[in-house]
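Q: Chain by chain, the residues run as shown.
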Amino acid sequence: MTTLLIAEHDNASIKDATNKTLTAAVALGADVHVLVAGENAKAAADAASKLAGVKKVLLADNAAYAHDLAEPLAALIVSLASGYDAFVAPATSRFKNVMPRVAALLDVMQVSEIIKVVSSDTFERPIYAGNAIQTVKSKDAKKVITVRTSTFAAAGEGGSAPVENAAAAADPGLSSFVGEEVAKSDRPELTSAKIIVSGGRAMQSRENFAKYIEPLADKLGAGVGASRAAVDAGYAPNDWQVGQTGKVVAPELYVAIGISGAIQHLAGMKDSKVIVAINKDEDAPIFQVADYGLVADLYQAVPELTEALAKLGK
Amino acid sequence: MKVLVPVKRVVDFNVKVRVKSDGTGVELANVKMSMNPFDEIAVEEALRLKEAGKATEVVVVSIGPAQASETIRTGLAMGADRGILVKAEGNVEPLAVAKILKAVADAEQPGLIILGKQAIDDDSNQTGQMLAALLGWSQATFASKLEVEGSDFKVTREVDGGLQTVKLKGPAIVTTDLRLNEPRYASLPNIMKAKKKPIDDKSASDYGVDLTPHLEIVKTAEPPGRKGGVKVKDVGELVSKLKTEAGVL
Numbered sequence: 001m002t003t004l005l006i007a008e009h010d011n012a013s014i015k016d017a018t019n020k021t022l023t024a025a026v027a028l029g030a031d032v033h034v035l036v037a038g039e040n041a042k043a044a045a046d047a048a049s050k051l052a053g054v055k056k057v058l059l060a061d062n063a064a065y066a067h068d069l070a071e072p073l074a075a076l077i078v079s080l081a082s083g084y085d086a087f088v089a090p091a092t093s094r095f096k097n098v099m100p101r102v103a104a105l106l107d108v109m110q111v112s113e114i115i116k117v118v119s120s121d122t123f124e125r126p127i128y129a130g131n132a133i134q135t136v137k138s139k140d141a142k143k144v145i146t147v148r149t150s151t152f153a154a155a156g157e158g159g160s161a162p163v164e165n166a167a168a169a170a171d172p173g174l175s176s177f178v179g180e181e182v183a184k185s186d187r188p189e190l191t192s193a194k195i196i197v198s199g200g201r202a203m204q205s206r207e208n209f210a211k212y213i214e215p216l217a218d219k220l221g222a223g224v225g226a227s228r229a230a231v232d233a234g235y236a237p238n239d240w241q242v243g244q245t246g247k248v249v250a251p252e253l254y255v256a257i258g259i260s261g262a263i264q265h266l267a268g269m270k271d272s273k274v275i276v277a278i279n280k281d282e283d284a285p286i287f288q289v290a291d292y293g294l295v296a297d298l299y300q301a302v303p304e305l306t307e308a309l310a311k312l313g314k
Numbered sequence: 315m316k317v318l319v320p321v322k323r324v325v326d327f328n329v330k331v332r333v334k335s336d337g338t339g340v341e342l343a344n345v346k347m348s349m350n351p352f353d354e355i356a357v358e359e360a361l362r363l364k365e366a367g368k369a370t371e372v373v374v375v376s377i378g379p380a381q382a383s384e385t386i387r388t389g390l391a392m393g394a395d396r397g398i399l400v401k402a403e404g405n406v407e408p409l410a411v412a413k414i415l416k417a418v419a420d421a422e423q424p425g426l427i428i429l430g431k432q433a434i435d436d437d438s439n440q441t442g443q444m445l446a447a448l449l450g451w452s453q454a455t456f457a458s459k460l461e462v463e464g465s466d467f468k469v470t471r472e473v474d475g476g477l478q479t480v481k482l483k484g485p486a487i488v489t490t491d492l493r494l495n496e497p498r499y500a501s502l503p504n505i506m507k508a509k510k511k512p513i514d515d516k517s518a519s520d521y522g523v524d525l526t527p528h529l530e531i532v533k534t535a536e537p538p539g540r541k542g543g544v545k546v547k548d549v550g551e552l553v554s555k556l557k558t559e560a561g562v563l
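Just so you know, the sequences run in chain order V and C. For the first sequence, the tail end lands on 314 under my numbering, and the numbers increase by one without skipping. For the second sequence, the tail end lands on 563 under my numbering, and the numbers increase by one without skipping.
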C-alpha cells in the first residue's frame with residue numbers, strides 16, 4: 001500500500017496546498033510518495049523531501065510539465081499507476097483539471113474535494129455548495145482523490161526523503177501552451193492567507209476596490225477576495241472569486257464588505273474562524289453567519305476602519 | 315462542425331436544499347428543477363458558434379430520468395437543433411455519464427463537445443475531463459473565452475493565478491466557467507418551436523454502459539451549523555471586539 005501525492009508547486013518551492021494535502025494523504029494510513037512534475041523543479045522536489053511524513057520524492061523534470069497541461073500530466077501519473085493504490089492532489093485549478101482525466105484512464109471514480117478522511121476508503125465531501133455533507137466509500141482498487149485544502153492543517157518539515165528521477169511519459173501532443181496572464185501581487189495568496197478582505201457587488205467599480213478594499217487589506221496584511229457578483233460585473237479579476245465555484249477559503253479572519261451572502265458565496269468562506277460583515281442592508285443573509293456585523297454604509301465605515309487600524313499601529 | 319452539449323437536470327440554484335432526516339440524501343420531492351447553470355452557458359456558447367457560422371448543428375444530450383427531456387427542451391428553446399435523451403434512473407456517477415457520452419460522441423462525431431465545468435448538485439467537476447480521457451481528446455476546462463481556428467481551438471481558462479490560454483487540437487472538450495458568456499432567455503416563439511424539434515429516446519443499456527456506482531453513499535448529513543454573532547454599533551466597537559474578544563488583530 002503506497003499513496004502518491006501530486007504536489008502543487010512553482011518549480012522553486014512547494015505550495016501550502018501541498019502541505020495541507022499531505023496531512024490528508026498521511027491519514028490514508030499508507031506510505032506517502034510525492035510526485036513533483038515541472039520544468040527545472042529540483043528546488044521544489046528538495047523542499048518536498050523535507051516534509052514530515054514523506055518517504056520518497058519523484059521528480060519528473062521535463063518541458064512537457066512546464067505549463068499545467070492536463071494531457072501530458074495525466075499520462076505521467078498513469079504511467080506510475082502500477083506502484084500505487086491511491087493518488088491524492090489538492091483541489092486547485094491544476095488538479096481539478098487533471099485528476100478526473102487520470103481517474104477515467106484508470107477506470108475509477110474520483111472522490112472530489114474531500115474534507116475528512118474517515119478511513120482508507122471512506123471520505124466526507126460537501127455537495128450542494130456545502131449545504132449537505134456526503135460520506136462516501138470507494139469500492140475502487142485504486143483511489144483518485146482531490147482534497148479541499150482549507151479543512152486540513154498543513155504538515156510541517158522534519159523529513160529527509162530521497163529524491164528520485166521519474167521518466168517522462170509519452171506526451172499525447174493534444175494541446176499546447178499559448179500564454180498566461182498571472183497577476184503579480186505582494187499580497188498573500190487567497191487559499192493560504194490568514195486574513196482576507198472581500199468586496200461584493202456594492203463596491204460598484206474596480207476603482208472602488210482599489211480605493212476601499214485594497215488599502216484595508218494591505219493594512220491587515222490580508223489577501224483580497226470578491227463575490228461572484230463583483231467578478232461577473234468586472235469589478236475584480238476571476239482569481240479573486242471566493243465561493244462554491246471559485247476558491248474555498250478558511251482564514252482566521254474574513255471581512256465581507258458589501259457582500260449580501262448568497263449561498264454560493266457562503267460555501268466558499270463559512271469555515272473561516274471569525275467572520276466580519278459590513279453591509280448597509282441589515283437583513284442581508286451574510287449577517288446570519290457573521291460573528292461581528294456592522295450595519296453601515298461601507299463608503300464611510302471602511303475608510304474609518306482602515307484609519308482605526310492605522311492608529312493601532314497596523 | 316457539429317457541437318454536442320451535454321446538459322444535466324439539477325435542483326434549481328435558488329432552492330435551499332434540505333437533508334432528509336433519515337440521512338439517505340437530500341429532499342428532491344416537489345423541488346423546482348432546472349438546467350445546471352454551467353450547462354446553460356455551454357448551450358449558449360454552442361449557439362453563438364452556430365450563429366457565427368462556425369458550427370453547423372447543435373445537439374443537446376441529457377442523461378437522467380424521463381423528466382430530463384424538459385431540460386433538453388430548455389436547450390432546444392434556446393436554439394439547439396435536436397436532442398438526445400439517454401434514460402438512466404438513480405444516481406449516475408460522472409464516470410458512467412462520461413462512458414455514455416463517449417458512446418454518443420462515437421455515433422455523432424462532433425468536432426467539439428462543450429460541457430458545464432461542474433454540476434451544482436454533486437459539485438464533482440469531473441465529467442468533461444473524464445470524457446476527454448475516454449475519447450483520447452484534448453481538453454480545456456474552466457473556459458472564459460473560446461475561439462475556433464479551423465478544426466482546432468484556442469481557449470482562455472480561468473485558473474488559480476489568473477488566466478491561461480491553450481491551443482487544442484480538434485476534436486476537443488471544453489468546459490465552461492461563469493465568465494464565458496451570459497446565456498439568453500428563450501423567447502415564446504422559440505419555446506413553441508422547440509416543441510416540434512426532435513428528441514431521440516435512448517437508454518443507458520443501448521450503449522452497453524454499466525451504471526453500478528463505484529462510490530457507495532454511506533450517509534448524507536447536515537453540515538455543522540454556524541450561528542450569527544452580534545451586531546456592533548460602530549467601527550470603534552468592531553475594532554475593540556476584534557482585538558480583545560476575537561483576538562485576531
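Certain hints may be false.
Said to hold, decoys possible - Below, a list of computed lysine-lysine pairs in the DSS-like style, where the Cα atoms sit at most 25 Å apart:
(1) Lys273/V <-> Lys330/C
(2) Lys139/V <-> Lys116/V
(3) Lys555/C <-> Lys273/V
(4) Lys547/C <-> Lys311/V
(5) Lys483/C <-> Lys468/C
(6) Lys533/C <-> Lys116/V
(7) Lys137/V <-> Lys541/C
(8) Lys545/C <-> Lys219/V
(9) Lys116/V <-> Lys330/C
(10) Lys116/V <-> Lys541/C
(11) Lys545/C <-> Lys194/V
As the list claims (entries may be wrong) - Some chain C residues near chain V, calculated using beta-carbon distances under 7 Å:
(12) Leu342
(13) Glu403
(14) Glu407
(15) Leu409
(16) Asn439
(17) Gln440
(18) Leu449
(19) Ser452
(20) Thr455
(21) Asp466
(22) Thr479
(23) Pro537
(24) Ser554
Hints in this document: simulated from the structure, not taken from any laboratory. For each residue, glycine too, the CB sits at the ideal point set by N, CA and C.
Q: Run every hint past the structure and note whether it holds.
A: Hints and how they fare:
{"no.": "1", "hint": "Lys273/V <-> Lys330/C", "verdict": "24 Å, holds"}
{"no.": "2", "hint": "Lys139/V <-> Lys116/V", "verdict": "17 Å, holds"}
{"no.": "3", "hint": "Lys555/C <-> Lys273/V", "verdict": "14 Å, holds"}
{"no.": "4", "hint": "Lys547/C <-> Lys311/V", "verdict": "19 Å, holds"}
{"no.": "5", "hint": "Lys483/C <-> Lys468/C", "verdict": "9 Å, holds"}
{"no.": "6", "hint": "Lys533/C <-> Lys116/V", "verdict": "14 Å, holds"}
{"no.": "7", "hint": "Lys137/V <-> Lys541/C", "verdict": "31 Å, violated"}
{"no.": "8", "hint": "Lys545/C <-> Lys219/V", "verdict": "23 Å, holds"}
{"no.": "9", "hint": "Lys116/V <-> Lys330/C", "verdict": "24 Å, holds"}
{"no.": "10", "hint": "Lys116/V <-> Lys541/C", "verdict": "22 Å, holds"}
{"no.": "11", "hint": "Lys545/C <-> Lys194/V", "verdict": "23 Å, holds"}
{"no.": "12", "hint": "Leu342", "verdict": "11 Å, violated"}
{"no.": "13", "hint": "Glu403", "verdict": "18 Å, violated"}
{"no.": "14", "hint": "Glu407", "verdict": "5 Å, holds"}
{"no.": "15", "hint": "Leu409", "verdict": "5 Å, holds"}
{"no.": "16", "hint": "Asn439", "verdict": "5 Å, holds"}
{"no.": "17", "hint": "Gln440", "verdict": "4 Å, holds"}
{"no.": "18", "hint": "Leu449", "verdict": "10 Å, violated"}
{"no.": "19", "hint": "Ser452", "verdict": "4 Å, holds"}
{"no.": "20", "hint": "Thr455", "verdict": "5 Å, holds"}
{"no.": "21", "hint": "Asp466", "verdict": "10 Å, violated"}
{"no.": "22", "hint": "Thr479", "verdict": "4 Å, holds"}
{"no.": "23", "hint": "Pro537", "verdict": "5 Å, holds"}
{"no.": "24", "hint": "Ser554", "verdict": "9 Å, violated"}
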